[in-house]
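Asker: So you can see what is in the structure, the chains are spelled out below.
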Amino acid sequence: DPIISVIKNFQNVDPFKVTTNGHFQIDLGLDNLDFVEIVMALKEEFGFEIPDNEADIINTINMAVNFTASHCQGN
Amino acid sequence: MGASRGPRLSGLQKQVLSLYRGFLRAARCKSAADRRQIESIVSAEFRRNSNQVDRKNFLYIEYLLRRGKKQLEQLQSPNTESLSQTKQS
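So the protein lines, in turn, are chains A and B. Under UniProt numbering, the residue at position 72 of the first sequence is numbered 72, and the numbers go up by one with no gaps. Under UniProt numbering, the residue at position 34 of the second sequence is numbered 34, and the numbers go up by one with no gaps.
Treat the hints as calculated values from the structure; they're not laboratory data.
Derived, one-sided and incomplete: chain A residues facing chain B with beta-carbon distance under 8 angstroms:
| id | residue |
| --- | --- |
| 1 | N32 |
| 2 | L33 |
| 3 | V36 |
| 4 | E37 |
| 5 | M40 |
| 6 | D52 |
| 7 | D56 |
Here a beta-carbon is modelled for each residue, glycine too, at the ideal position from N, C-alpha and C.
With these hints in hand, go ahead and build the complete structure from the sequences.
Answerer: Here it is in C-alpha cells:
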C-alpha cells in the first residue's frame, strides 16, 4: 500500500510498528508536530489539499489512509 | 518526547501546529539543504518549547507564536535564504 509505505519511510517512524489500525501517538510514539509532518508528506506525495482543521484531527494510520484515499481517487 | 495531547486540540495548540505547518511549507520552497536545516531547527525549537513551557503559560506561548510568525515572514521573503538560531539563556 503506497500510503502506508510513505508513513513507514517517515523519519521518526519505526516501520515494524506501522499497522493499518495503528495510532500515531500510542503505537508509534509520535507527537502532534509529527502528525503535521506526516500529513504534509502525504499531501506532497499524493497531491491533495487538506484544510488545517481536518488535518489536526488525523491521529491514526487508518484516518490518514482513508483521507488520502478518498481525496485522490484515480491515483 | 512531546507532551501528550488528547484528540481535541486547544485553540492555542492549533495555532502552534498551524505555525509549524507554515514553516514546513516555507522550507519546501528553499533548496534541499536549506529545507533540512530549517526543518531541524524548527522541529527542535517547537519540541523544546513544548517540553519546557507550561501549557498554561498562555502569555509566553502567545509571545512565542508572535515571534515565530515574524520569523516565518522573514523566511518567506525572497531575500532570506535560511534561519539562524539565537541562543536564549
